[in-house]
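J.: Chains A and B supply the protein sequences, listed in that same order. For reference, each letter of the first sequence is one residue, going 1 to 341 in this note's numbering. For reference, each letter of the second sequence is one residue, going 1 to 64 in this note's numbering.
None of these hints come from the bench; they were simulated from the model. Backbone N, C-alpha and C define an ideal beta-carbon position, used for all residues, glycine too. Hints may contain errors.
Stated by the list, open to error - Derived DSSO-like pairs: lysine-lysine, alpha-carbon spacing no greater than 27 Å straight-line:
hint, chain 1, residue 1, chain 2, residue 2
1, A, Lys297, A, Lys268
2, A, Lys285, A, Lys295
3, A, Lys297, A, Lys285
4, B, Lys19, A, Lys240
5, A, Lys240, B, Lys33
6, A, Lys240, B, Lys46
Claimed, not checked - Pairwise CB distance ranges (calculated):
hint, chain 1, residue 1, chain 2, residue 2, range
7, A, Pro245, B, Thr48, 28 to 34 Å
8, B, Gln40, A, Asp269, 35 to 41 Å
9, A, Ser221, B, Met47, 23 to 29 Å
10, B, Gln40, A, Ser97, 45 to 51 Å
Stated by the list, open to error - Reference listing, derived: stretches of chain B covered by chain A, where coverage requires no fewer than 3 residues with Cβ under 8 Å from a Cβ of chain A:
hint, stretch
11, 24–33
12, 46–59
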Amino acid sequence: MSVQSSRYGRQEIFYGIGPEGQEKLKKARVAIIEMSAIGTAVANNLARAGVGFIRLIDGDYVDISELQRQSLFTEEDARNERVKAVILKEYLGSVNSEIEVEDRITILDGSNADSLLSDVDVVVDASDSFETRLLINEACHALKKPWVYGGALAASGMVKVFLPGEEEPCFRCFIGDEEFIPGETPTCATEGVLCSTVSMIAALQCAEVLKLLTDADSVRSDLISFDLWDNSFDTFTVEKDPECPVCRGEYSFYGKASKAQTVSMCGKDSMQIVPSNEGEIDFEKYAEKLKNRGKVKYTKYTLDFDDGDVEIKLFKTGRAIIKHVSDEKRARAVYAEYIGL
Amino acid sequence: MIVLHNGEETEVPEGTTGKQFLQKFGYRRAMVKLNGEQLQVITFSKMTLNEGDEITVKRISGGG
Ligand SMILES: [Zn+2]
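Pulled out of the complex, with its shape left as it was, chain B reads as follows (with noise of 0.2 Å):
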């Protein structure tokens, strides 16, 4: 399926978690916007994607 990740159309496995998604690109310590709404990565990580579903992750930046 199909799910937007930071604007960007992107193929997920149909069941793919919120920890799923969050590993398969790598995200340590990050914030997360599920179709707009600011979820704890935790809560996030729980959950199942749909098809369609708009994900904005933003790592948390440690550069100076």
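If we strip away everything but chain A, and leave its shape as in the complex, we get (with noise of 0.2 Å):
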């Protein structure tokens, strides 16, 4: 087969990557965190490329809302409530049954970091919290692994690579030690986001991830910033901080066992509950004790319940969201009672 009709034809002419950097592509492992708008566009663009090993961190199901900007899920997926990585897991297995794509059905903490990052080459920051980034970006520092983080904001976006080593900045160095205050910090929620937002930043990353793993030499060093509607593109310098605390080794978050969680979904009308241990929940068993006050019915991945006042879906893990509920008492109440905390 000629190179230019064989499957990565187009990039193994292109000077930049060539059949050695396929190659690499093929012996490459790369963790995505979170299936979100950015994570979606970003599995998608590596999985053509030919990455060999994709994996895929998720725990959330597909909502209606987010079909505006979060490829490759549908009406129907929207409508079954389908978990996002077992979803994408199967699409992109039919896109390039070459490579492997795995789902890890969980949120990232900082007990689970490790099982998660530690045999992959590159990780890729598809979240939609400064917190899990300060998260990802210990993990990474401890773990001595590059990681790209991509931010969306209504037409605007930034991109940085952020590699191991000494005089590398981290991300804590990037965005300084004032305290995070929840409400304070625009979010997608509250100002919106555009598709076109976040194919740019994904594509920003992608390209990125494909320079560091063909082991290129013109991997950005600066922060690339836009904004699509005010028609801006600037790139900043990232000074590392001398007192940064991450770059002594000094964490908060990785490493720390995780403790019981209620945390709202950003857009959702739902409380996540994460209790601090993962198990393995038998459905069968639950959906017996529960048929008697209310409708079940569940898969391999989660169970629903609803009783025509709470509505529950519980993961395999333990993991729940309770829906239409934004207060955090009443999350757990919900969950104290018919989960069991």
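Assembly of the complex is requested from the two constituent chains, each provided in isolation within its own frame, with the hints serving as guidance.
T.: Written out as structure tokens, the structure is:
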């Protein structure tokens, strides 16, 4: 078969990759954190490019409000509230059967970061919170992995590669030590976001990932910032903060045992309860226990319960999403009553 | 006096400092350039703005 007609012909004739680069991509391993708007676009791009192993880390299901920007999901996925990582594994497997796609239906935390990130070459951030990014930053600093930050807001975005190494600034150097005050930071739920914005960020991130994986010497060192609505493109230098605790190896998230947490879900009118210990729930037994109290149905991945008042989506590990609840206490009470803390 | 804020002419009081400017527009966690030169937020905060200054401020984006 000629180079032009082979599967990756267009990448192999591209001077920056070539057949050698393609061979490196085949052996490469990447983890993508969260199957968000950015994450789905990144996963699609890297699977098509022939990255040999892609780990999809996400604990959420598809909602109709996400179809505007999260590529690869359908109305049927939203109707059936299908689990994102599972859909993408299936879809990307049909796009490229030569690569391995792994679905990890979970949320990255201080205690599972090692098992999710230590065996990959590059980590891609597609998360939607500073806290998750601070954790990725610490984990990648400890594990000496390069990672690619991408952040979106309305029509604007930023991308920066963070590399391991004494001289390299980290994400904590970049954002400083200002306390993060929930509610004060603008989010995509308060300011909106365009599909164009996230596609742009994903494209910039993927180019950097391909450079990293093929040992290119042109990996971007500055931060690129753009706004598609006011037509601005800027680059900024990120400097190392001599006071940065992460650069000294002092971590606040990584390696810490995770506590039971209740978190509100961006734009979903739901609260998520993450138990401190993840287990393996036997849905058959649970369904039996709950069936006299309301409607129960389950798949291999999730169990849904609805008694007309309370609506719960329970994941295999014990994590649960309590729907139509915005109050933490109420969410916890529901969890305690129906699932048990 | 008039300064350029992300390309738009904006009226601010004479003697406005960088810090007051950032507060006025509600910036937290941002990157700043003054007349094309990147400055640390802390450095910019202490400066006094002049008529016609071009200020580029980009909020650090956190969405995904
Ligand atoms: Zn640092």
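J.: Taking the numbered hints from earlier one at a time, note which ones the structure violates and give those numbers from smallest to largest.
T.: none
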